[in-house]
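**Q** Assemble chains X, A, V, Y and L onto chain D, guided by the hints.
6 protein chains.
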Amino acid sequence: MWIYEKKLQHPVRIEKCDLRMAKYLYTQYGGPDGELSAAIRYLNQRYTIPTKEAKALLTDIGTEELAHVEMIATMIYQLTEGASVEELEAAGLGSNYAIRERALFPADANGVPWTAAYIQAHADPVADLHEDMAAEQKARTVYENLLDLTDDPGMKDALRFLREREVVHFQRFGEALRIVQEYKESKKIF
Amino acid sequence: MWIYEKKLQHPVRIEKCDLRMAKYLYTQYGGPDGELSAAIRYLNQRYTIPTKEAKALLTDIGTEELAHVEMIATMIYQLTEGASVEELEAAGLGSNYAIRERALFPADANGVPWTAAYIQAHADPVADLHEDMAAEQKARTVYENLLDLTDDPGMKDALRFLREREVVHFQRFGEALRIVQEYKESKKIF
Amino acid sequence: MWIYEKKLQHPVRIEKCDLRMAKYLYTQYGGPDGELSAAIRYLNQRYTIPTKEAKALLTDIGTEELAHVEMIATMIYQLTEGASVEELEAAGLGSNYAIRERALFPADANGVPWTAAYIQAHADPVADLHEDMAAEQKARTVYENLLDLTDDPGMKDALRFLREREVVHFQRFGEALRIVQEYKESKKIF
Amino acid sequence: MWIYEKKLQHPVRIEKCDLRMAKYLYTQYGGPDGELSAAIRYLNQRYTIPTKEAKALLTDIGTEELAHVEMIATMIYQLTEGASVEELEAAGLGSNYAIRERALFPADANGVPWTAAYIQAHADPVADLHEDMAAEQKARTVYENLLDLTDDPGMKDALRFLREREVVHFQRFGEALRIVQEYKESKKIF
Amino acid sequence: MWIYEKKLQHPVRIEKCDLRMAKYLYTQYGGPDGELSAAIRYLNQRYTIPTKEAKALLTDIGTEELAHVEMIATMIYQLTEGASVEELEAAGLGSNYAIRERALFPADANGVPWTAAYIQAHADPVADLHEDMAAEQKARTVYENLLDLTDDPGMKDALRFLREREVVHFQRFGEALRIVQEYKESKKIF
Amino acid sequence: MWIYEKKLQHPVRIEKCDLRMAKYLYTQYGGPDGELSAAIRYLNQRYTIPTKEAKALLTDIGTEELAHVEMIATMIYQLTEGASVEELEAAGLGSNYAIRERALFPADANGVPWTAAYIQAHADPVADLHEDMAAEQKARTVYENLLDLTDDPGMKDALRFLREREVVHFQRFGEALRIVQEYKESKKIF
Chain D
24 MWIYEKKLQH PVRIEKCDLR MAKYLYTQYG GPDGELSAAI RYLNQRYTIP
74 TKEAKALLTD IGTEELAHVE MIATMIYQLT EGASVEELEA AGLGSNYAIR
124 ERALFPADAN GVPWTAAYIQ AHADPVADLH EDMAAEQKAR TVYENLLDLT
174 DDPGMKDALR FLREREVVHF QRFGEALRIV QEYKESKKIF
Chain X
24 MWIYEKKLQH PVRIEKCDLR MAKYLYTQYG GPDGELSAAI RYLNQRYTIP
74 TKEAKALLTD IGTEELAHVE MIATMIYQLT EGASVEELEA AGLGSNYAIR
124 ERALFPADAN GVPWTAAYIQ AHADPVADLH EDMAAEQKAR TVYENLLDLT
174 DDPGMKDALR FLREREVVHF QRFGEALRIV QEYKESKKIF
Chain A
24 MWIYEKKLQH PVRIEKCDLR MAKYLYTQYG GPDGELSAAI RYLNQRYTIP
74 TKEAKALLTD IGTEELAHVE MIATMIYQLT EGASVEELEA AGLGSNYAIR
124 ERALFPADAN GVPWTAAYIQ AHADPVADLH EDMAAEQKAR TVYENLLDLT
174 DDPGMKDALR FLREREVVHF QRFGEALRIV QEYKESKKIF
Chain V
24 MWIYEKKLQH PVRIEKCDLR MAKYLYTQYG GPDGELSAAI RYLNQRYTIP
74 TKEAKALLTD IGTEELAHVE MIATMIYQLT EGASVEELEA AGLGSNYAIR
124 ERALFPADAN GVPWTAAYIQ AHADPVADLH EDMAAEQKAR TVYENLLDLT
174 DDPGMKDALR FLREREVVHF QRFGEALRIV QEYKESKKIF
Chain Y
24 MWIYEKKLQH PVRIEKCDLR MAKYLYTQYG GPDGELSAAI RYLNQRYTIP
74 TKEAKALLTD IGTEELAHVE MIATMIYQLT EGASVEELEA AGLGSNYAIR
124 ERALFPADAN GVPWTAAYIQ AHADPVADLH EDMAAEQKAR TVYENLLDLT
174 DDPGMKDALR FLREREVVHF QRFGEALRIV QEYKESKKIF
Chain L
24 MWIYEKKLQH PVRIEKCDLR MAKYLYTQYG GPDGELSAAI RYLNQRYTIP
74 TKEAKALLTD IGTEELAHVE MIATMIYQLT EGASVEELEA AGLGSNYAIR
124 ERALFPADAN GVPWTAAYIQ AHADPVADLH EDMAAEQKAR TVYENLLDLT
174 DDPGMKDALR FLREREVVHF QRFGEALRIV QEYKESKKIF
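Residue numbers (my numbering), protein chains in the order written: chain D, 24 to 213; chain X, 24 to 213; chain A, 24 to 213; chain V, 24 to 213; chain Y, 24 to 213; chain L, 24 to 213.
Excised from the complex, chain D in its bound form (with noise of 0.2 angstroms):
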């Protein structure tokens, strides 16, 4: 279970309002290489997985992506608290506009819904192992796009921020990769 502690892992401080960043942050939200995905993947690919250090990874790093989603949602709502109508609109978020006004929604930056064909469990640790280091790669990349499309220096940091942790994950789970190799190894041989 999980305990909610009221605050941000890493603070957010956006400066300017530009909310066609608002639109772009969705990928990271609700779009197929975002902290969602990462929180879900990680949490349900912990059951399979055979070692007990593998397991306490993927839930170490799976509790560190729910407070991405968060900072993510914060981020997004931060830049659109205040827009007007027509602020909404010239950024291209008319459409959500109409569809749930200011709320935000696991969609990805086009507006499609958030779903579970985008992360995938084999329970073979080589294959899970290998499916989440692709993914911090495939989010790194995410981030690197959205600091292309700003230059915000709060936004800027929040983004290195959480563009730094995947390469910090991709690096543990190849410790782990190894790990499981050397288990499935040494398993053989007893």
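Since the hints were derived computationally from the structure, they do not count as laboratory data. As the structure is a prediction and not an experimental result, all values here were calculated from the model. Any given hint could turn out to be false.
Copies of the same chain look alike in the list, so a pair counts if it fits in one copy or across any two.
[Stated by the list, open to error] Listed next, the in silico DSS-like pairs over lysine-lysine satisfying Cα-Cα at most 25 angstroms (straight line): (1) Lys210 - Lys39; (2) Lys78 - Lys179; (3) Lys210 - Lys30; (4) Lys75 - Lys207; (5) Lys30 - Lys207; (6) Lys29 - Lys75; (7) Lys30 - Lys75; (8) Lys75 - Lys179; (9) Lys207 - Lys78; (10) Lys78 - Lys210; (11) Lys39 - Lys207; (12) Lys179 - Lys39.
**A** Then chains X, A, V, Y and L, alone, in the frame of chain D:
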């Protein structure tokens, strides 16, 4: 952000290995009115709900639903863990075995992947809290269906606990609706 | 079975050709809380609702929602009928033109096709009527969003009529819920 | 708008309680080539079809398909109404029971929810009428599959009636295609 | 099996960098009536079509449609290759850039991912060939929409070539339908 | 463009008519980690991968995966070809028979239609090649699941061949990743 505590919200002790139930429990894992729908629905609605109390309530219940996702996943895992391929096939889980062996997946009991189309948010507290009350009623009835399908005491205990929580959530959302309606009226007055 | 009567439930007279609104109205055609969702939801729930009155109510409102689908479709058609390709593009309807020219389609304002995942049925009258009450609240708020987006008097008149019907349906589902709850209690007594 | 008449287009009298067939009939309720697809396809195509006759035909057949949705739903409901949980499970409907008890739902026989991706509209009468003719041929073959799967006389009677209607619709769409092609040629002349 | 030949079926020489068209062309890449739908539909139907000639025809046309997928992808790639982020945003491709930079993806012009729900197969040659004829008519009309949206000579040349191929395929499926109908009649005789 | 050669990449000789396997093989036809996913993923990624070698590799492997789609389809067809309706029902293929008789369809073993949401592309060669390596690992494990489910020698031979090809592809994508990383470093130097 969230902190993981390594225990289940309520202990799960399944006495009879009933593989049919593993298949059926999926409806509360990745089905339309399951625990994942609940968690994502409430945590997503938090940003635009107007009162502090309603925001805290959505965070509390959303966080608890994450713990319910974990309980359901644990039950499915325990039921399938030691089962042979033949037993899985006999329980209608042969297709799932082909697709991803014994790994879990956020899909419904027919194997349809979870989609965010199951949930909604509207930045209108009256609409959102009605959505939430309906969600709790629907989850309650699904637990009643699952209770009809099993006679294992440990399974029944966990399902009754979860069913009871939905009833409590329903009541709390009902109270929040009254508070929101009072808040809306008070805003009109002053 | 149904008999078609060649008139709209409420006349549609749009005075200003506002193509943006054609795009936004799609949310009430094939969007999550639109009229098609309403019609299919209620007509599908009829079979397992226990009382005659509730069955008749679902049939009545479901049939009326079909008429609302027709009104929304007529509005979209009128708005787009004579528009040039350039005007459609300027209103964000260029992609729709590429996919299917000026034809209508049951999708939301972002072009996401309608899915039955938007609706639910549970053969439990308390759950189903809460689903229906929530649906009406959600549809009401969508009409309010659409009213925010236009100032054409004819459009506003049609949208206000449709919004008002949702409020009436909400009340009638509330009454049905009370009747069903009384029926359930009376069954327990005898 | 539509007026509901409280009778089925063709009486349904199922003599043998064959639960397998309840599952299979879902393909004509919420499956790709089922009656819901037909109704929504034709009623949606009406707006942009150029001739009055074709518009009236799409309205007529679309309205009749709504009556077919009702017949299929009635058959599924009658087959499952009194069945025990064990009987539902034996017929492969255990997952549906877990998800929504005996309630109906617009999904296919495998439980995949209906999606508007099954239908199309193009504001090009030649393309639309070919789509419609193909739809009727596909529905015809589905009824033939269902006839292969049952030997209940009442079921066979209803399925044969519905199959026969698809053949009639196919012919009428063929005639409409000829009329539209003549209209297109006449427009080129003058 | 297939052998790749490193050339396009028809040369693609786009003279004007028209980014709007890159977005619109997606409808023929991963849209409902696009080239991917065509290729997968025909190659999937091959197995159960009864005559050798129809099987060969489906293989031929399915293989050609793979080449059309390649042509469309090449056009989208050429149009977007050197474009700046600002230009992509101005053309409505900002969300796509956020999600996957300049990478292609089998989605429609609104960003909705391709789904097999767009196609059908029935092991009934009359139904399947009507599906195929309808598909070709729908693809033809989409090319006409795209021709309305551009005035670049190189683009128009490629689109006209592809449109013309759909007309030829339509005719060949029409001939196959006649052969299949004759085959069905001859089978009844002997 | 592609040229069709009328032979399978590897011969398919199934000795035991095992209809269960026809159902399970669907996961490698239209399932998340099946051959269609592989073919479309690689052929779609070709355009934005930076080196000539990687482009050629994606074309080669993508083309080979098309041949694997054909092998899997041939196996499913051979298994179901002569089966009676009763046999299909007993193997859990009754719903498929209702929907489309013995026709094949790109869906998974539970009947969920293929969606492009299963694949990804990012115009970042490191992310794309990790996605591809993960895809091959996932496909490998699915073949191992299928090998667990059968003891027919002909089936096992084909599945082992296909499993082996995934291992080879994994290695080749690993080499491509190294080349791309060297290319990226060389670009930074000069």
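**Q** Among all the numbered hints in the text so far, which are the ones the structure does not match?
**A** Numbers 1, 2, 3, 5, 8, 11, in rising order.
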